[in-house]
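Using the sequences plus the hints, can you model the full thing?
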Amino acid sequence: IAALETLPGVGHKTASVVMSQAFGHPAFPVDTHIHRLAQRWGLSNGNSVVQTEKDLKRLFPRDSWNALHLQIIYYGREHCPARSCNGLSCDICKTCFPNRKRPIKTRKA
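Here my numbering = 1-based position in the sequence shown + 52.
By construction, these hints were calculated from the structure, which means they are not laboratory data.
It is possible that part of the hints are untrue.
Unchecked claim - Below, simulated DSS-like cross-link-like pairs (lysine-lysine); rule was C-alpha separation at most 27 angstroms, straight line:
(1) K106 with K146
(2) K109 with K157
(3) K157 with K146
(4) K65 with K109
(5) K146 with K109
(6) K106 with K65
(7) K157 with K65
(8) K157 with K106
Structural data, given as structure tokens:
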């Protein structure tokens, strides 16, 4: 990952995506969408995608990172979108916080 990050225009997330999707190397790329969902679901309270990545890597087994990255993205797009889910409507939000009464706002990365 570090070698890819030396290329112009390639940051940590892009390098992680390439390593996980092209080469099958365990990585957990975290973008603003995964960061928002991890906050919304109570999996991280990090203020940055870097902290959220650390939190998620601690929570989930290494061999699940590549698939889980994609599953979170697809689930978020379909069931927990940024603008229309307020923490009360998606099934994961309702399962994680069954007693939540008020809509939530997530912090931007």
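Query raised in the report: Checked against the structure, which of the hints given earlier come out wrong?
Result: none
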